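Enquirer: Spelled out, the chains give:
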Amino acid sequence: MSDTFSLWGIVSAIGILTGLGVGFGALLGAVSERFKGDEHPLVDQIDALLPQTQCGQCGFPGCRPYAEAINEGDALNKCPPGGEATIHALADLLGREPEPLDGDAPSEAKVAFIREAECIGCTKCIQACPVDAIVGAAKQMHTVIEDECTGCDLCVDPCPVDCIDMLPRSTPLSQWQPIVSPAHSVIASDRIPATVHQQPGG
Amino acid sequence: MARLFDFPGGVYPPERKARSAQSPLRRAPLPAQVVLPLRQHSGRPATPCVSLGDNVHTGSLIAKRDGLISADVHATVSGTVSHVDGDTIVIGSDGQDTRQNLPPLDWRATDASVLLTRLDESGVVGLGGAGFPTHIKARVIERHAIDTLVINAAECEPYITADDLTLRCYPSEVLEGAQLIASLCGAQQIVIGIEDNKPEAIAALKRAISQSQPASVTLTIIPTRYPSGSERQLIKKLLNRTVPSQGLPADVGVLCHNPGTLLAALYAVRDGQPLIERIVTLSGEAIAQPGNYWVRLGTSIETLLEQLGLDNARLSCVIKGGPMMGTALETLNTPITKTTNCLIAATHEELPPVPMESPCIRCGACESVCPAQLLPQQLHWYARAQEDDKLERYHLFDCIECGACSYVCPSHIPLVGDYRESKSRLRHNKIEAAKAEHAKHRFEFRQARLAREEAEKQARRQARLAHNKPTDGNASNESNSAPPVDLRSLRIAQTAAKAAVRKAEKILARAAQQEPQQSHEDLETLLATAQENLKAADLQLAQARESAKAPTAEDTP
Chain H
12 MSDTFSLWGI
22 VSAIGILTGL
32 GVGFGALLGA
42 VSERFKGDEH
52 PLVDQIDALL
62 PQTQCGQCGF
72 PGCRPYAEAI
82 NEGDALNKCP
92 PGGEATIHAL
102 ADLLGREPEP
112 LDGDAPSEAK
122 VAFIREAECI
132 GCTKCIQACP
142 VDAIVGAAKQ
152 MHTVIEDECT
162 GCDLCVDPCP
172 VDCIDMLPRS
182 TPLSQWQPIV
192 SPAHSVIASD
202 RIPATVHQQP
212 GG
Chain U
483 MARLFDFPGG
493 VYPPERKARS
503 AQSPLRRAPL
513 PAQVVLPLRQ
523 HSGRPATPCV
533 SLGDNVHTGS
543 LIAKRDGLIS
553 ADVHATVSGT
563 VSHVDGDTIV
573 IGSDGQDTRQ
583 NLPPLDWRAT
593 DASVLLTRLD
603 ESGVVGLGGA
613 GFPTHIKARV
623 IERHAIDTLV
633 INAAECEPYI
643 TADDLTLRCY
653 PSEVLEGAQL
663 IASLCGAQQI
673 VIGIEDNKPE
683 AIAALKRAIS
693 QSQPASVTLT
703 IIPTRYPSGS
713 ERQLIKKLLN
723 RTVPSQGLPA
733 DVGVLCHNPG
743 TLLAALYAVR
753 DGQPLIERIV
763 TLSGEAIAQP
773 GNYWVRLGTS
783 IETLLEQLGL
793 DNARLSCVIK
803 GGPMMGTALE
813 TLNTPITKTT
823 NCLIAATHEE
833 LPPVPMESPC
843 IRCGACESVC
853 PAQLLPQQLH
863 WYARAQEDDK
873 LERYHLFDCI
883 ECGACSYVCP
893 SHIPLVGDYR
903 ESKSRLRHNK
913 IEAAKAEHAK
923 HRFEFRQARL
933 AREEAEKQAR
943 RQARLAHNKP
953 TDGNASNESN
963 SAPPVDLRSL
973 RIAQTAAKAA
983 VRKAEKILAR
993 AAQQEPQQSH
1003 EDLETLLATA
1013 QENLKAADLQ
1023 LAQARESAKA
1033 PTAEDTP
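Just so you know, the protein sequences line up as chains H and U, in that order.
79 is the number that the numbering used here gives to position 68 of the first sequence; each next residue is one higher, with no gaps.
874 is the number that the numbering used here gives to position 392 of the second sequence; each next residue is one higher, with no gaps.
Only chain H is shown next, with the shape it has when bound in the complex:
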């Protein structure tokens, strides 16, 4: 009994626990300093959800700067190419409320196309392209590498002769997507009208 409440016992217990705490604290501190990641992991995660068109419609020069801004607390709804899907994914990741998209979502994926007969070879679009998808040289015709183009629109404005069009992206046959039928009716009594609606022109 007397052993349990002896001063020495209490002091040694406190001393050992404090020592352990300090020791492990120092160890954890040293390890976190030693293996510190140089990148911000959350910014990487946000960046991975953005569509990487690098179009600048959010008001930032590229997707990564916008990801950094979102991490600092900027709004989630500034990315039209990503659309609602990106806003929801970001809201899920950050635990924030999704907001309606600020701007119009593009209806389909597009790529830039230079009408080569009209191109004067000014290189302005080449300088504007964020992903180096335009080839050409001064006073030579330019052209867009379709596979590399993200459809960001940034080359359209600088063109002095308006020879750049945004055309729908061509899809190779191997990436063809089946046409998804509309959602099936759940209740049995809904079925007959549902089949009537599915008829063309009905």
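Just so you know, not all the hints are guaranteed correct.
[Stated by the list, open to error] When the alpha-carbon atoms are kept at most 25 Å apart in a straight line, the in silico DMTMM-like pairs for lysine to aspartate or glutamate are as follows:
#	chain 1	residue 1	chain 2	residue 2
1	U	Lys905	U	Glu883
2	U	Lys912	H	Asp58
3	H	Lys121	U	Glu919
4	U	Lys912	H	Glu159
5	H	Lys121	H	Asp58
6	U	Lys1017	H	Asp143
7	U	Lys905	H	Glu79
8	U	Lys905	H	Glu95
9	U	Lys917	H	Asp55
10	U	Lys912	U	Asp548
11	H	Lys135	U	Glu936
12	U	Lys917	H	Asp176
13	U	Lys985	H	Asp58
14	U	Lys546	U	Glu603
15	H	Lys89	U	Glu919
16	U	Lys912	H	Asp55
17	U	Lys917	H	Glu79
18	U	Lys872	H	Glu108
19	H	Lys121	U	Glu1003
20	U	Lys1031	U	Asp968
21	H	Lys121	H	Glu83
Derived by calculation from the structure, the hints in this document are not laboratory data.
As the structure is a computational prediction, the values presented were derived from the model and not from experiment.
Place chain U on chain H using the hints.
Expert: Quick look at chain U alone, frame taken from chain H:
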């Protein structure tokens, strides 16, 4: 007979093979025109190497393979090329059928590399349905050790009898083709898996086996059950080896081939005949002369069926492939390709249209028949709700699309249709994600390049300044001391950039070693970005050192 193992699940649909299996193998009439798609195989489409108006012979090369996973396409009739575009080549026949074959080879006396080249040049692909180029499958020895070649003669789908007839008519040729492939891939034994509903083929094989040399051949007769002809299920059944999820049979030392493919491989080597025709089962109640036919690739399905007495009044639909896994054709104006093994011209009574879909009642019938041991019901819910992460977690990509679940579903839910749709959506999302990642890397590379160019410009400007005003101490002092330079942080940045270059080099080297055939453009972009960053850091550091040196040199006197 070897011991049999078992795979889970499976169904017993009506076989309906008698109609086409009873008549002998015949030759379909030579078509007046063939339409040859450039993509009759898995992988990239071939590139045309003929132009409009060219005269070709039967067996002439008309399209060259593009990339590794692709296959050559040959003319299947002699005549004139009447149309070429990015998808198809059309040849009008002159009716002569003059041949242009490659020189015959004796495979036992020929070098393996010559044989592989021959398979490559002959456009032989898997004739069972997937159309995977055979020369790549034969090259598997470079990456995997193969001990067993399985001849997949199970042919478990109803109606189809093409492999049955192939084995009945050409048993020794098929075995010879198997010996050829076995010697190429280093397999010591050949195992034939055949369902017990093909007694004539089994008898023919038994007669032929004794003469087959040098690999030992085992004939294993398995009970008829769908889908025992699926590669994974057959390997489990014959050898009790489980092919890993997302893996290949080669991972467990097995190579699987269809009898038709082996026959085509033998013809390509022994006779020098490229893949220009195949055996197709033509069956169904709406056809007057059902049976198996040698059909030239590119023959129009419509013409072929009409030549064999198609009863248009009774026809309800034409199915390409078997009734379980095949697809109903929207139009008959489409050609026979390398992967068309069966055409069913069905009447309304024979294959009645599927009744209206009802809601899932969670009866679990689909789970008990799934040969891949998946949970079709869960996958159904997730597919309808587009919960992509859950679909992957429930191994959607292990689904072999055999259709057993749809077959037993009491609510007539087109389960396989849902899975196919979801698979295609998931693949599409992956391609889009890879594209976004690629665009990001290109953007980063551009940023790095601009930074390096800026640093170079700065360095040149400074050099010019130093050169122009070597005596004007005050001015240079002013311009140099204006930006406070932090040598230490620049040195750290340079070291980090060096480390990044080394890391990128290492990743690229490892990837190039592991997958030498793949393109590593993206990793190369990453390496280039790291190199640009290093150059910029070097320049900045050199510049800072210069400017740090200059003032001290002037301060001391």
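Enquirer: Determine for every hint whether it applies to the structure shown.
Expert: Hints and how they fare:
Of the supplied pair hints, the one linking U:Lys905 and U:Glu883 holds, its CA atoms being roughly 11 Å apart against a limit of 25 Å. Of the supplied pair hints, the one linking U:Lys912 and H:Asp58 holds, its CA atoms being roughly 16 Å apart against a limit of 25 Å. In summary, the hint linking H:Lys121 to U:Glu919 is supported, as the alpha carbons are separated by about 18 Å, within the 25 Å threshold. Between the alpha carbons of U:Lys912 and H:Glu159 the distance comes to roughly 16 Å, so the proposed pair stays at or under 25 Å and holds.
Under the criterion of a C-alpha separation no larger than 25 Å, the hint pairing H:Lys121 with H:Asp58 is consistent with the structure, at around 21 Å. For the proposed pair U:Lys1017 and H:Asp143, the alpha carbon gap of about 20 Å is at most 25 Å, so the pair holds. Distance hint between U:Lys905 and H:Glu79 is unfulfilled; the C-alpha atoms sit about 34 Å from each other, more than 25 Å. With a CA separation close to 23 Å, the supplied pair U:Lys905 and H:Glu95 stays within the 25 Å bound.
Restraint check for U:Lys917 and H:Asp55: satisfied, since their Cα atoms lie roughly 17 Å apart, inside the 25 Å limit. Taking the CA atoms of U:Lys912 and U:Asp548, the gap is near 23 Å; set against the 25 Å cutoff, the hint holds. For the proposed pair H:Lys135 and U:Glu936, the alpha carbon gap of about 18 Å is at most 25 Å, so the pair holds. Distance restraint check for U:Lys917 and H:Asp176: the Cα-Cα separation of roughly 21 Å lies within the 25 Å cut-off, and the hinted pair is therefore satisfied.
Straight-line distance between C-alpha atoms of U:Lys985 and H:Asp58 comes to about 22 Å, which keeps the hinted pair within the 25 Å bound. For the given pair, U:Lys546 sits about 9 Å from U:Glu603 by alpha-carbon distance, which is consistent with the 25 Å threshold. Taking the CA atoms of H:Lys89 and U:Glu919, the gap is near 20 Å; set against the 25 Å cutoff, the hint holds. Note on U:Lys912 and H:Asp55: the hinted pairing holds, with a Cα-Cα distance of about 18 Å set against a maximum of 25 Å.
As the CA atoms of U:Lys917 and H:Glu79 are separated by approximately 21 Å, the hinted pair is consistent with the 25 Å bound. For the proposed pair U:Lys872 and H:Glu108, the alpha carbon gap of about 24 Å is at most 25 Å, so the pair holds. Taking the CA atoms of H:Lys121 and U:Glu1003, the gap is near 23 Å; set against the 25 Å cutoff, the hint holds. Taking the CA atoms of U:Lys1031 and U:Asp968, the gap is near 13 Å; set against the 25 Å cutoff, the hint holds.
Our distance criterion of 25 Å between C-alpha atoms is broken by H:Lys121 and H:Glu83, whose separation comes to about 31 Å.
The structure does not agree with the numbered hints 7 and 21 stated previously, though it agrees with the rest.
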